[in-house]
Amino acid sequence: MLGHLVPFHYCRDHTGELPCRKILDCWHERFAVHEYLRGIYSEEEIARIVSPPRPKLLQIIEIARKARGHEG
Amino acid sequence: MAVKVLLNEDEIPRQWYNLAADLPSPLQPPLGPDGKPIGPEDLAPVFPMNLIEQEVSRERWIDIPEEILEILYRWRPSPLRRAVYLEKALNTPARIYYKDEGVSPPGSHKPNTAVAQAWYNKQFGIERITTETGAGQWGSALAFACAILGLKCKVYMVRISFDQKPFRKLMMNVWGAECVASPSMNTQAGRDVLAKHPDTPGSLGIAISEAIEDAVSDRSGKTRYSLGSVLNHVMLHQTIIGLEAKKQLAKIGEKKVDVVIGCAGGGSNFAGLAFPFVADKINGARIEIIPVEPSSCPTLTRAPFTYDHGDVAKMTPLLAMHTLGHEFVSPPIHAGGLRYHGMSPLVSQAVVEGLLTPRSMDQLHCYESALFWARTEGYIPAPETSHAIAAVIEEAKKAREEGKEKVILFNWSGHGLMDLSGYANYMEGKLVDYPLPEEELQESLRSLEGLPKAPIVKTGRW
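Those protein sequences? They're chains S and B, same order as listed. Numbering-wise (this note's numbering), the first sequence opens with residue 1 and increments by one. Numbering-wise (this note's numbering), the second sequence opens with residue 1 and increments by one.
Calculated from the structure, these hints are not laboratory results. All C-beta atoms in this analysis are idealised placements derived from N, C-alpha and C, irrespective of residue type, glycine included. Possibly wrong hints are sitting among the right ones.
As a list, the in silico DSBU-like pairs of lysine-lysine whose alpha-carbon atoms are at most 30 Å apart [stated by the list, open to error]:
{"id": "1", "chain 1": "B", "residue 1": "122", "chain 2": "B", "residue 2": "152"}
{"id": "2", "chain 1": "B", "residue 1": "247", "chain 2": "B", "residue 2": "4"}
{"id": "3", "chain 1": "B", "residue 1": "165", "chain 2": "B", "residue 2": "152"}
{"id": "4", "chain 1": "B", "residue 1": "404", "chain 2": "B", "residue 2": "246"}
{"id": "5", "chain 1": "B", "residue 1": "196", "chain 2": "S", "residue 2": "66"}
{"id": "6", "chain 1": "B", "residue 1": "398", "chain 2": "B", "residue 2": "255"}
{"id": "7", "chain 1": "B", "residue 1": "36", "chain 2": "S", "residue 2": "66"}
{"id": "8", "chain 1": "S", "residue 1": "56", "chain 2": "S", "residue 2": "66"}
{"id": "9", "chain 1": "B", "residue 1": "122", "chain 2": "S", "residue 2": "66"}
{"id": "10", "chain 1": "B", "residue 1": "251", "chain 2": "B", "residue 2": "397"}
{"id": "11", "chain 1": "B", "residue 1": "430", "chain 2": "B", "residue 2": "165"}
{"id": "12", "chain 1": "B", "residue 1": "255", "chain 2": "B", "residue 2": "404"}
{"id": "13", "chain 1": "S", "residue 1": "66", "chain 2": "B", "residue 2": "152"}
{"id": "14", "chain 1": "B", "residue 1": "152", "chain 2": "S", "residue 2": "56"}
{"id": "15", "chain 1": "B", "residue 1": "458", "chain 2": "S", "residue 2": "56"}
{"id": "16", "chain 1": "S", "residue 1": "56", "chain 2": "B", "residue 2": "165"}
{"id": "17", "chain 1": "B", "residue 1": "196", "chain 2": "S", "residue 2": "56"}
{"id": "18", "chain 1": "S", "residue 1": "56", "chain 2": "B", "residue 2": "36"}
{"id": "19", "chain 1": "B", "residue 1": "222", "chain 2": "S", "residue 2": "56"}
{"id": "20", "chain 1": "B", "residue 1": "165", "chain 2": "B", "residue 2": "196"}
{"id": "21", "chain 1": "B", "residue 1": "222", "chain 2": "S", "residue 2": "66"}
{"id": "22", "chain 1": "B", "residue 1": "406", "chain 2": "B", "residue 2": "4"}
{"id": "23", "chain 1": "S", "residue 1": "56", "chain 2": "B", "residue 2": "122"}
{"id": "24", "chain 1": "B", "residue 1": "247", "chain 2": "B", "residue 2": "406"}
Every beta carbon over 10 Å from chain S, so not counted as near; a handful from chain B, in silico [what the hints assert, rightly or not]:
{"id": "25", "residue": "67"}
{"id": "26", "residue": "74"}
{"id": "27", "residue": "170"}
{"id": "28", "residue": "220"}
{"id": "29", "residue": "374"}
The shape of chain B in the complex, shown without the other chains (with noise of 0.2 Å):
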């Protein structure tokens, strides 16, 4: 039985797909403090010109450059793999595939748009990209992609981060980038902050502050910004995920798919994987398709579609997203990337017309799904991908129980050999469950009452 479906390069897909040219209803547009949609302009001092026309494209399909094929070959196409162990062990009649991002150089699906962004930025004449990280995940790929195509890459790392977890750090160096604890005295933003507090541990909004200073306070005009998640251009990047395994399970003979399934936090590998799906449901396909969130912070399960608004103040720039409102409190969760308040725009009005079906995941159970994971498949997932294990285990017993010879895809979206102390955490008992209480959801949703409320736009096909 073949339990992984490799492509050969020559038949890697050669065209993003967006998800905007065929979503049932528009996108509604980033609106700014007086009240007009955000423009190009706008973004133009920040990200490449043709990054920008990418985030506002309605184009449905979006060629591939060879240049950047060349370098995707490094690991692309990502293997299919079919969970043969995992369906013993659960005895389903349920044939499971996953897509294996942790393949790439850093480990994850982030250098899908890594390297398109470094590749953009240089066609435009930029030589140097900053960008900020936490733990380090982006901060690596964007360095692997900026090595590659011979731009200079500085990474501003959060402080505590920079001094406590040293090795994304050092994969950032190896691979030639500069990564700088931030707040540093390169910036205004930083020397703000350490005139005021110099023994301060830092943080992502000053590390963001930055990251964005440097760029755009650079005269030459040779620096730009680069952003891992939410942007549409970066859910546009990740699509070849799900373009590859609709190949992929083609060759292998499956006619159909019955459920797709990915983690989302900010929704770039989610979407990766499931937006190539979602033009088939859109086209008549009968496909579940669902993106797996934390209990403890759901925005897609519970959370009303409103306009969010960023301060007490409610003077700031409103934007359609699925939200919780201003006094949404979230329980502790290890999986980082996860935590988002809001969801890229693409997703969330996927989520509206009903093509696609959220679900959360207790922590406990993600972890406890891990865990039989690698000791089954023997892959250790990233904590965020455990969420998408959790929801693929429940679909293979469901199937068990129907006796359906369902067909499950899912998103490996990256491993979890830096991420270990999650899992020493919950194997020492150090974990508890705590999903919101409705009552707690309730009272987080008052905060909205007497703001504008977007206007819910959908065919109802779905």
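Chain S extracted, bound-state conformation (with noise of 0.2 Å):
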């Protein structure tokens, strides 16, 4: 989505919580990153990670919601 090259390390730790979830888009050509992540996490965080995003304008609203949140 980026439109260029990016390391294992960026998709795997990039927020520093689950990986993107487009790991395995990118990555199961070249090793069997599924099974990587199977030695890492839940089957539920995996489920979590390869989650669709929300439609983009639910997650706008949703992520204005949280923003006005902060606002107190």
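Now that you have both chains on their own, put them together as the hints suggest.
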């Protein structure tokens, strides 16, 4: 999605939380990334990792509500 | 033989076309967590109300304000070119035309909506617009639009792109936009991430959060957020492409188009060219209209139409879209702009109706086609555009085999001069094809079992 090459550790650790949801998309041709993830994460976490994003309009509304919550 | 068809400024279309008015089966509205449709008030903190009105409009034609046209005249009407050199190389009886959207200042179709969105924001009293960008195509388009309209523009660019791909960032700076690496210390979302992970290279998700937070937390109310794909008003603004093409084809004496082609990721450049021809098809014209997507990431060609859902808790809002399900795994691809899980709802519904005939292409075939194009027509296409070119070549060969003088029209959505690394990878043999195997698709779709199914609403006319 970024339009350029990225190293695997970016996809693995880019937010310090769960890996990027595209990690399987982008790396499974190179090695058994699903097996790699299974060695680290639970099935529930893997399901969260590979979940498609919410529809754009709804993501936006949700982020806006959260941000306005920050304002108190 | 004419190889380009130009329109004068006074021949430019003066209205956008809204397919939502003519779809034989109505769009299914996005639902909130409470099961009720999302309303304008939900969107008001993020977008100006004049754009929200366009987002939900069912009016067939929407006037393009004169002031927007005055800005678009810088590169519009864009040329309609005839690919005579490709035709000769293929020895095809087909006549191949393409809309050249690479002539805009940022080099793609994106400013068609960037200019419109910036103008409507300004009309609403907005003084500053925020957005996010990855590699920078959208960010540079919005920066350009804001520069022309005298608006402030702030772009949150994913840190790793900010560091590794500086030229789009420089384009934004040249146009006066503030481009910051995301995550930043400018927002609570960014500060939260940096507090935990000070060396993070960022992500698009974080950048979106920062851009929206920046907009909605401006207590002056003078800032809004802007998005460059997927939404209905974005499709609307892009229809000027197809409306111009119809005038240009008429000008050169073409009475009928047989095939219309565009690459499809979020849907905007495809919709921009195709929707005015979809209207003709609804009214009885016989046109094959083909959105082209990567075979490694098929959302239109093989996925069922169903409700998508965003997390394992299944508590998030639902929207009718094409989907591949939770466990969908797409192989690598260099056409980043086409790697969407979801598609514009308008495009999805047109597929359901049978008005569109989606097709998928392998990336190696696309790059091969792009090189063939560059070595005949001369222009280097964006990797996304190469998907459309691959389909055009297929159709031209088919016309040769059938001995038919078909008229083929496609959208040359942008140049690839900022995307040469993908070409380098192809020419160095680093790319491989990996179409989604049927068993992998079926495994992916099993995650959708038990979820509410979108009612398939179609007239069955096509």
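Verification of the hints:
For a cut-off of 30 Å, the pair hint linking residue 122 (chain B) to residue 152 (chain B) stands: about 10 Å separates their Cα positions. Between the alpha carbons of residue 247 (chain B) and residue 4 (chain B) the distance comes to roughly 13 Å, so the proposed pair stays at or under 30 Å and holds. Only pairs whose Cα atoms come within 30 Å are accepted, and residue 165 (chain B) paired with residue 152 (chain B) is accepted, the gap being roughly 23 Å. For the suggested pair residue 404 (chain B) and residue 246 (chain B), the alpha carbons sit about 21 Å apart, so the restraint of at most 30 Å is met.
Proposed proximity of residue 196 (chain B) and residue 66 (chain S) is supported: the alpha carbons are some 19 Å apart, at most 30 Å. A distance of roughly 21 Å separates the Cα atoms of residue 398 (chain B) and residue 255 (chain B); the hinted pair therefore holds under the 30 Å criterion. Of the supplied pair hints, the one linking residue 36 (chain B) and residue 66 (chain S) holds, its CA atoms being roughly 20 Å apart against a limit of 30 Å. With a CA separation close to 15 Å, the supplied pair residue 56 (chain S) and residue 66 (chain S) stays within the 30 Å bound.
Under the criterion of a C-alpha separation no larger than 30 Å, the hint pairing residue 122 (chain B) with residue 66 (chain S) is consistent with the structure, at around 26 Å. A hinted pair counts as satisfied when its Cα atoms are at most 30 Å apart, and residue 251 (chain B) with residue 397 (chain B) qualifies at roughly 26 Å. As the CA atoms of residue 430 (chain B) and residue 165 (chain B) are separated by approximately 20 Å, the hinted pair is consistent with the 30 Å bound. At roughly 15 Å between alpha-carbon atoms, residue 255 (chain B) and residue 404 (chain B) fall within 30 Å of each other, so this suggested pair holds.
A hinted pair counts as satisfied when its Cα atoms are at most 30 Å apart, and residue 66 (chain S) with residue 152 (chain B) qualifies at roughly 24 Å. Distance check on the hinted pair: residue 152 (chain B) and residue 56 (chain S) sit about 24 Å apart at the alpha-carbon level, within 30 Å; holds. Between residue 458 (chain B) and residue 56 (chain S) the alpha-carbon distance is near 24 Å, which keeps this suggested pair within the 30 Å criterion. Restraint check: the Cα-Cα separation between residue 56 (chain S) and residue 165 (chain B) comes to about 25 Å, which is no more than 30 Å; the hinted pair holds.
Simply put, residue 196 (chain B) and residue 56 (chain S) have alpha-carbon atoms about 26 Å apart, close enough for the 30 Å limit, and the pair holds. This hinted pair checks out: residue 56 (chain S) and residue 36 (chain B) have alpha carbons roughly 17 Å apart, not beyond 30 Å. This hinted pair checks out: residue 222 (chain B) and residue 56 (chain S) have alpha carbons roughly 23 Å apart, not beyond 30 Å. Distance restraint check for residue 165 (chain B) and residue 196 (chain B): the Cα-Cα separation of roughly 25 Å lies within the 30 Å cut-off, and the hinted pair is therefore satisfied.
For a cut-off of 30 Å, the pair hint linking residue 222 (chain B) to residue 66 (chain S) stands: about 19 Å separates their Cα positions. For the suggested pair residue 406 (chain B) and residue 4 (chain B), the alpha carbons sit about 18 Å apart, so the restraint of at most 30 Å is met. The suggested pairing of residue 56 (chain S) with residue 122 (chain B) holds, with an alpha-carbon distance near 23 Å, which does not exceed 30 Å. Taking the CA atoms of residue 247 (chain B) and residue 406 (chain B), the gap is near 18 Å; set against the 30 Å cutoff, the hint holds.
A cut-off of 10 Å between C-beta atoms confirms that residue 67 (chain B) is not in contact with chain S; the least separation is 27 Å. Under the 10 Å C-beta cut-off, the non-interface status given to residue 74 (chain B) relative to chain S holds; the minimum distance is some 25 Å. The claim that residue 170 (chain B) lies off the interface holds: its Cβ sits roughly 15 Å from the closest Cβ of chain S, which is beyond the 10 Å cut-off. Consistency note on residue 220 (chain B): stated as away from chain S, and its beta-carbon is indeed over 10 Å from all of that chain's, at 13 Å minimum.
The beta carbon of residue 374 (chain B) sits about 19 Å from the closest Cβ of chain S, which is more than 10 Å, so the claim that it is off the interface holds.
When held up to the earlier numbered hints, the structure conflicts with none and fits them all.
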